[in-house]
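Given only the sequences and the hints, what does the whole structure look like? Please build it.
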Amino acid sequence: MDTYYYSMLFVLPPILYMSYHLTRILADKKKPTTHGLKAHPLLGHLPAFVNNSHRFLDWTTELIVGSPEMRMGFWIPGMRTGIITGNPADVEHILRTNFANYPKGEHAIGMLEDFLGHGLFNSDGEQWLWQRKNASYEFSNRSLRRFVVDVVQAEIADRFLPLLRRAAGDGGGDGDVVVLDLQEVLQRFGFDTICMVAFGHDPRCLADGGVMEDARSEFMHTFGEAQDLVVGRFFDPIEVSWKIKKWLNVGTERRLRKAIADVHAFAMDIVRARRQSASVNDRDDVLSRFVASDEHSDEVLRDIVLSFLIAGRETTASGLSWFFWLLSSRPDVAARIADEVRAVREATGTRPGEPFRFDALREMHYLHAALTESMRLYPPAPIDSQSCAADDTLPDGTLLRAGWSVTYSAYAMGRLAAIWGEDCLEYRPERWLGDDGAFQPASPFRFTVFHAGPRMCLGKEMAYVQMKSIVANVLEEFEVDVVKEVAGGGVPEHVLSVTLRMKGGLPVKIRRKTEAY
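According to the UniProt record's numbering, the residues represented by the sequence shown are 1 to 517, in order.
Derived by calculation from the structure, the hints in this document are not laboratory data.
Every clue listed holds true.
Just the calculated beta-carbon pair ranges, DEER-fashion: (1) Arg-401 <-> Asp-158: 50 to 58 Å; (2) Gly-251 <-> Gly-397: 43 to 51 Å; (3) Arg-257 <-> Tyr-137: 34 to 42 Å; (4) Asp-114 <-> Asp-481: 41 to 49 Å; (5) Gly-437 <-> Gly-251: 53 to 61 Å; (6) Pro-454 <-> Arg-351: 40 to 48 Å.
Where a beta carbon is used, it is the ideal one built from N, C-alpha and C, also for glycine.
Structural data, given as structure tokens:
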């Protein structure tokens, strides 16, 4: 008898949870629909989500591209009801016109709260607003811009380029050239720089002199594990399952609890040490700027720092990995970028190997276009979700119910002919250039890589500085050859987490250009 009662203790909560949500969903006659997607009477779209979970981005993109409305709707008992859209009119309505009605929402915030607390990227309302205003002010500060450029250029000169030179050997042939996982190198580079900018800590994920095996960062590993595990909650078809595992402290939730505790302890040590530092007013990192105001608790400062880390840890690494993969089949684009870099060197009177300053990077219009075009096709943050706070109507008259999930897909939008023309699947940097060769930005509601409206990414300029600095230095000195075995010559398989990563990394061979130096 005891066994029976213990069994019911574990079985009844999920049954009651599912029954409650199923009753609510069946009672609502206004369920979203999608062209070409079958809804089952009791399971809704759950079977389709389970069958396509391994190719979620491509599957949802196919449905959005095939829909006259450029969106798909879904409902899953016990999980979520909502839409995923690629329609620019929808995106503008959600992110600007009726912004107040589309917060992150309690559902998403609750999933991330034990990891990110109520930092900038996991808060709504007044809590979000004061953080946004403070962060916006700091990111517009010239001294922070200079600090970002200095941090990036130092990482390139002292660690990144020496690593590539080691990988290239003496340039005498393939016999002395090693295969390098460029995605991992870029992730290490990105983590070093975002940690320095966010809270003045150097984790040394890339070691001085470019010796890869000398670089160790337990914090990077632990932070990455916590991030991947917490994001996994969003992709669990049965939402209640992660809550049960957390309650029982088993499986992935047990690992996540340990990782979060380690990350929080590490971050809090740095916050407390910074409070006691006599030089806090002389430092330029984001944490020091917030500490200097003396308005926030240690926990609030920790949450702010972790939000910046999760936003900046892999975004540039993702964007650059896909960029170098695309470039491997477009030597014409690589040659034109190298020519532009050479022209900027001549105009600024600098020599190869010297740092590129901010003004010099701004003059690289074709490189800016080439990176932007790469992110159009392979956005580092491919999807983003909000919650509908109150019943609303989209511009075409489609009804959205309170509590629905509202997601826009930058990945799908980059593949819509209605937005980019019939050549939307082609990699063509020229689409971003005017007749005078200057970069021409698109509406942020068409090109949503850096989001739009009041939540527009504050680190956009920093991301371009980092990416352009890396590409300009690399193509000035090296040839980057993607190993032919990657994806059998096709598109590499991706892993969907916070960012769009390549499964298995990006193995490359680095060769020094014969004309370099």
